[in-house]
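**Q** First to last, the protein sequences are chains A and B. Under our numbering, the first sequence has 250 at position 250, and the numbering climbs by one with no breaks. Under our numbering, the second sequence has 53 at position 53, and the numbering climbs by one with no breaks.
Don't take each hint at face value.
[Unchecked claim] Covered by chain B, according to a simulated footprint, are these stretches of chain A (three or more residues, beta-carbon under 8 angstroms): (1) 19-30; (2) 48-55.
[Said to hold, decoys possible] Derived list of chain B stretches under chain A, where covered just means 3 residues or more per stretch with a C-beta under 8 angstroms from a C-beta of chain A: (3) 116-129; (4) 134-148.
Treat the hints as calculated values from the structure; they're not laboratory data. Every residue gets a Cβ at the ideal spot worked out from N, C-alpha and C, and that includes glycine.
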Amino acid sequence: MRTLRLLRRRRALLNCAPISQDHLTDRSMRAAVSREDGSDEFLNQQNFDRALAEVVRLVPIPPESAEWFSEKDAIRAPRWTWRKIVLNPAVLAISIALLVIAGVFAFHLVGQLNDFPGSATARKLLTVAGSTRSVMLDPVSAEAGTLSDLFFMKHGLEHYDVPDEFADFQTIGCRVFDDDESQRIAQIWVGEKRMQFFLFPAERDSKTGAVLTFPGWRYVHQEGWVGAVTEHNGVCFMAVLRGREKDLEPYLSGPKQ
Amino acid sequence: MSDRKQNLPQLYRFCFLMLGDSRKAQEVFNTTLREAAVRAAQGELPKEPFWLFREARWRCLEASKTDLQPEALEMDEQDISPQAASQIKQLEPAQLAIWISAAPDPQRTALALFYLDEFDYLEILDIAELKLSTLSRCLAQGRRQLQAWLDAKHTGAPKV
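Here chain A stands alone, though its shape is the one from the complex (with noise of 0.2 angstroms):
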């Protein structure tokens, strides 16, 4: 049955075979035809198709009807240049959301790149530096250094230490506050620059519960205000100022980033 079919359909294309062989492209077409070159049959239809194609070639041109060769150009679709392309509406409405996406993606791709275990915290208390006002502080005058006595003694906090490249600043005053997420956080304000200083727990996995660290200080900016950051013992410690990195970069030592 499958060969009969098969049959049949050579038999069709053998009477559907190209007069050129320009025109013998497809591959069951060759095959049909290689199968039967030869035979008397098939090369009598291929001289009868070559005779008939011969006449046809002799079909004259009216000369009105060759006027339109001249002009093939008018018949011919617009050719699609750069330019067009570039100024079709289409392509530039998608470029520009495209690049949008892009702007986005690379501005959230460089925000991860800063980030760092407890710089979302470090964010929000920017922003409390921001509307700090020193008498919203207890009135304190001592070196920074010597305050984390007082956060242990009074508020029982452990490791509130500020590091030594702070620890020689003159304290105006200074505060134990609870932030949204009811983390205790150290606010110590200096003269200094009017720095300030925030001492806050540092992020911690919240699987295992240990303390994410990381090296060195780590820059944070939010609204006009730089804060440097660093780990030790568990506490994060921020210098902050109304400012860029380059005021706070001279009071810093070790590893920056």
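Given the coordinates of chain A, assemble chain B onto it according to the supplied hints.
**A** Chain B only, in chain A's frame:
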């Protein structure tokens, strides 16, 4: 459109084979190209290949609808003879066009497209919207009928 897809001399020849009349062929050819030019100017030229031939085909069929139709007769058929080529050489293009244009469609379209020697069989199937079996039958029958006509022409006894 590529040059092959808008081979205008071949388009004219196609119209001529379909209609068997130079004046009508010119009319269809010109109308088809005018339509194409208007569409091109409006940027609405169809992207499908061989659009011009497909369009011309429908116009030819439309144009011949109003003509006197040949009587539906059982035509003689003959096996292709080895002398067929020499018989065909004596044919005038107009005679062949009249013979093809008198054939019923889709045989007419099949023969006209095939003997243009412009398309392969897949392209003919596409333009004429035919199945392989139909195209094959149209061509095989067309050859045998044409051979019978050539024989009759040469012996001088019309066998219809």
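**Q** Hints first: check each against the structure and report whether it holds.
**A** To see whether the hints hold, each was checked on the structure:
Judged by the Cβ-Cβ criterion of 8 angstroms, the region 19-30 of chain A is covered by chain B as claimed, because 7 of its residues qualify and three suffice. Here the region 48-55 of chain A counts 8 residues with a CB under 8 angstroms from a CB of chain B, which clears the bar of 3, and the coverage holds. Residues of the region 116-129 of chain B with a Cβ under 8 angstroms from some Cβ of chain A number 7, which satisfies the need for three, so the listed coverage holds. Under a criterion of three residues with beta carbons nearer than 8 angstroms to beta carbons of chain A, the stated coverage of the region 134-148 of chain B is upheld, 8 such residues being counted.
Consistency note: the structure conflicts with none of the earlier hints.
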